[in-house]
Amino acid sequence: MSEFDPVPIVLNINGTQYRLFAEPRRLLSDVLRDDCGLTGTHVGCEHGVCGACTILFDGAPARACLTYAVQAQNHEITTIEAFGGDGTLSPVQQALHEEHGLQCGFCTPGIVVTMEAWLAENPDPAEAEIRDALSGNLCRCTGYHNIVAAIAKAAARRREGGPT
Amino acid sequence: MSETRIIGKALLRREDYRFVTGQGRYLDDVVVPGALHAHFVRSPHAHARIRSIDIEAARQAEGVVAIVGGRELAEWTAPLRMAPPIEGLRPVEFSTLPIDKVRFIGDPVLCIVARDRYLAEDAAELVNIEYDELDAVADLTHALAPGAPLVDDALPDNLISHQSFTAGDPGRSFAEAEIVVEAAFHQQRQTHAPIETRGCCAVWDAGRRHLTMHIGNQVPHPFRTQLSARMRLNEAQVTVICPDIGGAFGQKIALYREELTVAALARELRRPVRWREDRAENLIAASHAREDVARTRAAVDAKGRILALELEILEDFGAYCFYPANYLARVVAMILTGPYRVSNYAYDIKVALTNKCGNGPMRAPMAITSWVMEGTIEAIARKLSLDPVEVRRVNMLGPADLPYSMLTGLLLEDVTPREAFERALEAFDLAAFRARQAADRARGIYRGVGLCCVVESTTYGSAFYKAAGIPGSGHESGWVKIEPSGAVNASVGLMASGQGYETTFAQVVAEPLGVDPNEVRIHLGNTDTAPYGMGSRGARGGTAGGSVLLSAAQTLRDKVLTIAATLLGLNSSGELRLNAARVERRLGGEWTDAGLSLVDVARVAYLDPLRLPPGMEPGLEAHRAYDPPPMTFSNSMHVCEVRVEVETGKVTIERYLVVDDCGTVLNPLVVRGQQHGAIAMGVSGALLEEVVYDENGQNRSGSFADYLLATAVEIPPIEVISQHTPNKKTLTGSKGMSEGGVMGATGAVPSAVNDALAPFGVVAERQPLSPMYLRSLLRGRTDPRNRP
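These protein sequences, in sequence, are chains A and B.
Terminal number for the first sequence in the numbering used here: 225, no gaps in between.
Terminal number for the second sequence in the numbering used here: 801, no gaps in between.
No wet-lab data here; the hints were simulated from the structure.
Mixed in with the good hints, there may be bad ones.
Coverage of chain A stretches by chain B, computed from C-beta distances (three or more under 8 Å per stretch; other residues unrestricted) [as the list claims (entries may be wrong)]:
| no. | stretch |
| --- | --- |
| 1 | 75-82 |
| 2 | 101-108 |
| 3 | 117-131 |
| 4 | 189-201 |
Where is the CB? At the ideal position from N, CA and C, for every residue including glycine.
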């Protein structure tokens with residue numbers, strides 16, 4: 062058995078246990094997409110800059126492209142598929158829709174995951190703080206303005222506990 | 014009953030749900046069982062002969078299925094011949110992969126196909142290619158010097174295109190003028206950097222002898238034409254299917270060599286083959302854009318009135334021509350004068366090949382235009398010590414001057430440059446700014462205001478292409494069908510990459526048919542379903558696509574109403590209309606329900622055709638094509654306020670305001686998003702982005718840590734004031750937009766920085782306006798009023 066041979070891996074993703082075999086060198090982003098069929102995690106740069114592949118690692122934003130799948134064992138992984146779905150949307154998803162905070166949509170899952178986690182820690186952010194928090198997610202389409210507006214709106218709704 | 018206007022409503026996007034929930038389907042999300050993965054081995058040299066290739070060890074590596082190079086591809090595919098009959102443009106031809114010589118760092122030499130991408134990349138480590146390095150041509154000056162190394166050995170030199178033009182008598186004006194002003198503008202090399210890189214998946218059906226190409230491409234049908242020809246297939250043997258596209262910006266138009274290689278391998282191996290480039294490949298080897306030097310000379314009178322203007326452009330086109338090399342710079346020259354009256358004009362454009370990645374159009378290929386024109390106006394103002402606002406006013410076209418025939422033959426009409434200019438200055442309150450600027454300068458705080466008046470060429474009709482000597486058509490095609498259940502399907506030849514076509518075009522189709530736009534489904538990107546159109550590029554989508562779908566929907570509405578009239582026993586459909594999926598009849602000036610629904614008519618049309626008017630074909634389908642006017646123009650006025658930290662060279666944009674006139678708007682929400690996005694790309698380019706090659710042609714910007722894109726921190730909030738002057742010649746009244754923002758920001762940001770730095774007596778004439786560049790200008794300079 063060489064260091065490249067697949068090893069058994071158990072991953073807890075969005076509350077579901079996945080048992081699979083993967084080479085130790087396989088990236089979490091590839092395993093999520095190719096082995097688990099969770100293709101909402103997008104790969105934009107594979108060097109940790111663009112933020113499209115952001116997932117939650119025990120609740121904290123992390124780059125799936127800079128993580129090996131084997132490292133994710135015994136941790137809780139949350140992907141975009143945990144947010145919304147079945148016709149419902151999370152506060153950030155709903156606000157991005159209303160404020161036209163997305164165009165091609167490729168960077169959007171990373172932004173949703175990053176900002177849902179960030180708003181949980183920062184319920185009442187100033188605009189400059191939103192821009193700073195968003196600066197780890199590259200968007201080539203929107204110019205960010207509508208994303209920032211959407212995050213502010215989602216924050217306000219979360220504070221009110223009102224309709225999402 | 015009132016008819017609801019649907020065109021122009023700010024409907025939220027239909028596309029969003031799948032995107033925000035991660036259910037978009039981009040290329041890598043398309044599962045093709047048994048697909049092999051391709052990986053390209055690329056040249057590490059800017060210019061070299063391929064001496065030998067040893068693939069024996071790699072071939073033995075785990076999971077490797079095939080390794081092929083230029084010789085194999087030359088047997089399987091036709092070369093690219095770029096030889097349109099354009100005066101001054103040299104024809105070129107190149108093979109699918111290089112055979113003897115590599116021309117830039119990243120030039121693909123071999124393709125390795127393996128069971129997965131990891132194994133293909135492992136095998137690449139085992140390949141041994143020996144090169145004989147050649148001197149590289151890494152900049153324009155070197156490229157055009159006598160005796161320079163040849164990028165393309167088949168050409169006599171590196172001057173791939175040279176065109177000049179004269180109208181009026183500029184020579185005489187310069188001879189007579191007392192004042193001549195010169196200005197220079199260096200635009201850096203950039204790249205599109207869509208967040209989704211390039212990729213494709215080719216499936217060859219050997220039984221049917223049919224190729225299916227899954228690829229995110231802006232122009233599916235022209236792409237199919239290219240792909241089938243170079244695969245030596247006929248067009249009926251190729252289907253192009255575009256999934257959702259994660260950004261394109263002009264990078265996903267051409268048929269690239271990697272894509273053709275993947276298609277050929279799928280056929281040869283009789284196995285599906287897929288490819289996804291990584292970010293380094295995308296930055297180094299996909300397609301670059303821009304990189305030119307523009308110089309102007311203006312003969313002026315004492316008031317700053319332009320008597321004659323000369324433009325010289327030198328453009329660095331890189332190593333390979335996926336487009337005619339004259340195409341980008343020539344548009345700049347044709348539209349340069351924009352909102353200004355210029356009666357004597359000449360241009361000279363030289364385009365050179367270099368040992369860099371090949372160039373192509375990037376959102377606003379003519380991005381430099383407004384910077385050059387506005388920068389020239391500001392140079393005139395500086396030379397004559399006049400207010401640049403007044404110099405603009407002296408030269409600017411007013412409402413009474415329109416329509417205005419530019420000397421290059423383009424007709425400027427239905428634009429409002431003067432109104433936008435004055436409105437923007439008022440909204441910005443320039444006088445208040447000047448007071449604040451003066452007060453802050455005394456405290457050592459340097460603010461500047463930048464102005465940029467943009468006339469944006471938006472939708473290009475076939476007549477423009479013909480006149481400009483560019484091959485191609487400007488038409489677009491679309492169809493609309495009402496199905497027996499009353500459901501509405503529609504399609505157009507454009508492919509979306511974020512523009513919201515599924516929403517805006519549903520609005521266009523819904524209006525004449527009187528249906529809920531949510532019930533209209535727009536089908537894009539499958540060449541077997543969509544009609545042959547010229548695709549999404551420039552700013553044509555809304556105007557060309559919207560107009561053709563409106564036309565098709567109107568044709569279909571007329572058929573529905575003709576059928577309705579027959580069913581209602583009326584002689585004419587003149588007093589009938591569709592509203593809320595019902596047929597309405599006007600009686601005594603009032604619209605009332607005619608007791609017939611759209612579904613009733615559809616059922617008759619499909620299922621009970623003997624009740625149709627005599628001679629009418631069953632079914633409800635309309636297929637139309639539309640060729641826009643030769644050129645539509647939109648206009649905008651950008652005002653940008655910056656603060657420059659002179660100690661560090663850091664530029665902060667404090668305010669950005671634009672007055673924009675793009676005609677009739679299909680969906681203001683979507684249009685606003687395009688305006689923001691375009692301005693952001695312009696700001697990002699003006700401040701940060703730069704593909705850097707060193708003097709040996711080595712690319713030093715192969716990651717997002719080196720090629721900097723603006724984040725939410727650098728892009729300011731953008732205030733947009735909209736004017737809506739419809740174009741009288743397009744069917745919807747829209748003119749097109751989405752590139753003018755790039756042009757405006759490309760001009761407004763340096764204008765603001767130069768205004769801020771005016772006390773130091775320096776002028777920035779290069780982009781990006783990086784801290785290093787601005788410090789290089791400021792070093793040793795002081796503001797005389799703040800001398801310590």
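Hints, verified against the model:
A stretch counts as covered by a chain when three or more of its residues have a beta carbon under 8 Å from one of that chain; for the stretch 75-82 of chain A and chain B the count is 0, and the coverage is violated. Chain B is given as covering the stretch 101-108 of chain A, and this holds because 8 residues of the stretch bring a CB closer than 8 Å to a CB of that chain, at least three being needed. With 0 residues bearing a CB less than 8 Å from a CB of chain B, the stretch 117-131 of chain A misses the requirement of three and the coverage assertion fails. Given a C-beta distance limit of less than 8 Å, the hint that chain B covers the stretch 189-201 of chain A holds, as 10 residues qualify and 3 suffice.
When held up to the earlier numbered hints, the structure conflicts with 1 and 3 and fits the remainder.
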